[in-house]
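Chains A and B supply the protein sequences, listed in that same order.
Under our numbering, the first residue of the first sequence is numbered 161, with each subsequent residue one higher.
Under our numbering, the first residue of the second sequence is numbered 6, with each subsequent residue one higher.
For the record, the hints were derived by calculation from the structure and aren't laboratory data.
Every residue, glycine too, gets a C-beta built ideally from N, C-alpha and C.
Each hint should be verified, as a subset may be incorrect.
Unchecked claim - Here are the simulated DSS-like cross-link-like pairs (lysine-lysine), alpha carbons at most 25 Å apart as the crow flies:
| id | chain 1 | residue 1 | chain 2 | residue 2 |
| --- | --- | --- | --- | --- |
| 1 | A | Lys226 | B | Lys281 |
| 2 | B | Lys137 | B | Lys281 |
| 3 | A | Lys226 | B | Lys90 |
| 4 | A | Lys318 | B | Lys206 |
As the list claims (entries may be wrong) - On the chain A side, residues computed to face chain B include the following (Cβ under 10 Å):
| id | residue |
| --- | --- |
| 5 | Tyr207 |
| 6 | Val211 |
| 7 | Gln229 |
| 8 | Gly231 |
| 9 | Phe237 |
| 10 | Met239 |
| 11 | Trp317 |
| 12 | Lys318 |
| 13 | Phe322 |
| 14 | Ala326 |
| 15 | Ser327 |
As the list claims (entries may be wrong) - Rough simulated footprint, nothing fancy, chain A against chain B, three-plus residues with beta-carbon under 8 Å:
| id | segment |
| --- | --- |
| 16 | 180-186 |
| 17 | 276-285 |
Listed below are the residues making up each chain.
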Amino acid sequence: MPSTPVKSNDRHAPRRARHLHPLPVRIMHWINAIAIFIMIGSGWKIYNDDVIFGWLHFPDALVIGKWAQYGLQWHFFGMWIFVLNGLAYLTYGFASGRFRRKLFPISLREILATVGDALRFRLAHDDLTHYNAVQKILYLGIILIGILIVISGLALWKPVQFSELASMFGNFQTIRLVHFLCMSAIVGFLLVHVALALLVPQSLVAMLTGGPIVHDDAVGATDTAANVQATPWR
Amino acid sequence: MMTQLAQPTQPPTSKQLPGGEKMPLRIPTPSIFRPKQPVDQSVLKENRALVAEIDRRGALRGTISLGALTLLTGCDVTEEAPVQKVLRTVSAWNDRVQAALFRPDHLAPTFSPAQVVKPPRFNAHFDVEEVKPVDGASWKLELAGRIDDKRPWTAQEIYALPEQEIIIRHVCVEGWDYIGQWSGPNLTSFFQRVGADLTAKYVYFHCADDYTESIDMATALHPQTILATRYANATVTDPFGYPLRLRTSTKLGYKNAKWIRAIEVTNTFTETFWSKQGFNWFAGI
Numbered sequence: 161m162p163s164t165p166v167k168s169n170d171r172h173a174p175r176r177a178r179h180l181h182p183l184p185v186r187i188m189h190w191i192n193a194i195a196i197f198i199m200i201g202s203g204w205k206i207y208n209d210d211v212i213f214g215w216l217h218f219p220d221a222l223v224i225g226k227w228a229q230y231g232l233q234w235h236f237f238g239m240w241i242f243v244l245n246g247l248a249y250l251t252y253g254f255a256s257g258r259f260r261r262k263l264f265p266i267s268l269r270e271i272l273a274t275v276g277d278a279l280r281f282r283l284a285h286d287d288l289t290h291y292n293a294v295q296k297i298l299y300l301g302i303i304l305i306g307i308l309i310v311i312s313g314l315a316l317w318k319p320v321q322f323s324e325l326a327s328m329f330g331n332f333q334t335i336r337l338v339h340f341l342c343m344s345a346i347v348g349f350l351l352v353h354v355a356l357a358l359l360v361p362q363s364l365v366a367m368l369t370g371g372p373i374v375h376d377d378a379v380g381a382t383d384t385a386a387n388v389q390a391t392p393w394r
Numbered sequence: 006m007m008t009q010l011a012q013p014t015q016p017p018t019s020k021q022l023p024g025g026e027k028m029p030l031r032i033p034t035p036s037i038f039r040p041k042q043p044v045d046q047s048v049l050k051e052n053r054a055l056v057a058e059i060d061r062r063g064a065l066r067g068t069i070s071l072g073a074l075t076l077l078t079g080c081d082v083t084e085e086a087p088v089q090k091v092l093r094t095v096s097a098w099n100d101r102v103q104a105a106l107f108r109p110d111h112l113a114p115t116f117s118p119a120q121v122v123k124p125p126r127f128n129a130h131f132d133v134e135e136v137k138p139v140d141g142a143s144w145k146l147e148l149a150g151r152i153d154d155k156r157p158w159t160a161q162e163i164y165a166l167p168e169q170e171i172i173i174r175h176v177c178v179e180g181w182d183y184i185g186q187w188s189g190p191n192l193t194s195f196f197q198r199v200g201a202d203l204t205a206k207y208v209y210f211h212c213a214d215d216y217t218e219s220i221d222m223a224t225a226l227h228p229q230t231i232l233a234t235r236y237a238n239a240t241v242t243d244p245f246g247y248p249l250r251l252r253t254s255t256k257l258g259y260k261n262a263k264w265i266r267a268i269e270v271t272n273t274f275t276e277t278f279w280s281k282q283g284f285n286w287f288a289g290i
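Just chain A, same shape as in the assembly (with noise of 0.2 Å):
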């Protein structure tokens, strides 16, 4: 995307200078690390005192909490930090403009040009300041499949005291099946992620580290190689 001319009214200084993965990010994501692993553990505990698909049950080694109390405790705690993280998250990026800069636009043309590098395994990953169009398809799916979990999950808990919720997925157990159905989507992205972190570890370093210090010409400017000052960590 083109950069947009400098704005005298711009809240923002123009080039303001900073990480890639600014310190709230990074402390945001690992907390996020942590609920989701806990989430995860305690809801397939749950999931197995009464499973949805009679083929499907989790192996006690994989699943947190040993009896099904400890397993709903687990979930009920978690839920707050996973809740609270994602909250504290969401305000982040909409005050700080980074969902702005990072996810959009996406353009479709630019989506199948990415799929097809990657049927031809030329993806370029040299530079981590810029999300690719299938990266912005994915996380900025992952936000809205972690809204959908949290509203599901509340209508799951309160099918009652939120009856109007509840009644928006029809009956209990299609509430459980959305439920289930996110973490599945969830796990899915979580094996990609890591295992994309995993093959270009600049990447998990960057999340630890804050990653290149990145420039905005302008408020809206998405980040690109060209802003990309220094990169202290090759």
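Using the hints provided, position chain B relative to the given structure of chain A.
The following block gives chain B in isolation, referenced to the frame of chain A:
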């Protein structure tokens, strides 16, 4: 299976917790790292000051570290006392949050008689074959605590009270649900009749199977909370709580005590059958 409803002839797994599992009663196997000889106690005397100082760092024991969390899988730290303390503190906090979220006049969705599942689904901390039927002729409902008129009630007297019918969803903590059609005296009306203190905090149900459950007064006074005597227009059967059970539209299944033998209105909180074992006390839906 989400759609499978267990029939009385096909009970769920035995000795169920609401979570469907047996509580462990075994003593953990001693660690292979445990010394063969007991530690020389004189060491304690020499290092008493040091030991006392370490103890002052006890606050740290309540901390859950990332390392501990990563060990969760396969090696459960949940049962460790400090971890249980944290988790149960959060569970108690969740009780307060749920009480705040509770809408006293908000009615749960109701359903048509055509949607009612017959018979209802059985679940208890024992098998359906082990249900000990209550003799309705000799049974009496005792009243205790902050109630003016504590005269016991016979089944005949209870069954003669005006009835309310509710067709509501039963939600089990395990994840299954079904639509049930329950009738019996409204609990608020019953409380007004016997002069119960409606400003008290808790209502306890003591049951014939040594089960005790309690609910908050706000839930007891909810319009869809009844002392159920009938299911689908027939007297409730033994496995489902004959002669008297609680049915409220705003709690998980395990809060709906069966085979009630005494009702106690009180301001004193004591742990109940499931909350003692770590299940959430409020258990609102």
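Status of the hints after comparison with the structure:
In summary, the hint linking Lys226(A) to Lys281(B) is supported, as the alpha carbons are separated by about 16 Å, within the 25 Å threshold. A distance of roughly 23 Å separates the Cα atoms of Lys137(B) and Lys281(B); the hinted pair therefore holds under the 25 Å criterion. Of the pairs offered as hints, the one joining Lys226(A) and Lys90(B) holds, with about 16 Å between alpha carbons and a cut-off of 25 Å not exceeded. Between Lys318(A) and Lys206(B), the direct Cα distance comes to roughly 22 Å. Compliance with the 25 Å bound is thereby established for this hinted pair.
Hint status for Tyr207(A) relative to chain B: holds, with the closest Cβ pair at about 7 Å, below 10 Å. Taking 10 Å as the C-beta contact cut-off toward chain B, the hint placing Val211(A) at the interface holds, the least distance being around 7 Å. This hint holds: Gln229(A) has a C-beta 4 Å from the nearest C-beta of chain B, less than the 10 Å allowed. Given hint, Gly231(A) at the interface with chain B, holds; its Cβ is 7 Å from that chain's nearest Cβ, closer than 10 Å.
Checking Phe237(A) against chain B by beta carbon gives a least distance of about 4 Å; that is within 10 Å, so the hint holds. Taking 10 Å as the C-beta cut-off, the interface hint given for Met239(A) holds, the closest approach to chain B being about 9 Å. At about 8 Å, the closest approach between the beta carbon of Trp317(A) and any beta carbon in chain B falls short of 10 Å, and the interface hint on this residue holds. A distance limit of 10 Å between C-beta atoms decides the matter here; for Lys318(A) the minimum to chain B is near 6 Å, and the interface restraint holds.
Taking 10 Å as the C-beta contact cut-off toward chain B, the hint placing Phe322(A) at the interface holds, the least distance being around 8 Å. For the restraint placing Ala326(A) at the interface with chain B, the shortest Cβ-Cβ distance is roughly 8 Å, inside the 10 Å limit, so the hint holds. With its C-beta approaching chain B no nearer than about 7 Å, Ser327(A) sits inside the 10 Å limit, and its interface hint holds. Figure legend: the segment 180-186 of chain B, annotated as covered by chain A; annotation consistent (3 residues with Cβ-Cβ distances under 8 Å, at least 3 required).
Beta-carbon proximity to chain A at under 8 Å applies to 5 residues in the segment 276-285 of chain B; the threshold of 3 is reached and the given coverage holds.
In summary, this structure violates none of the numbered hints.
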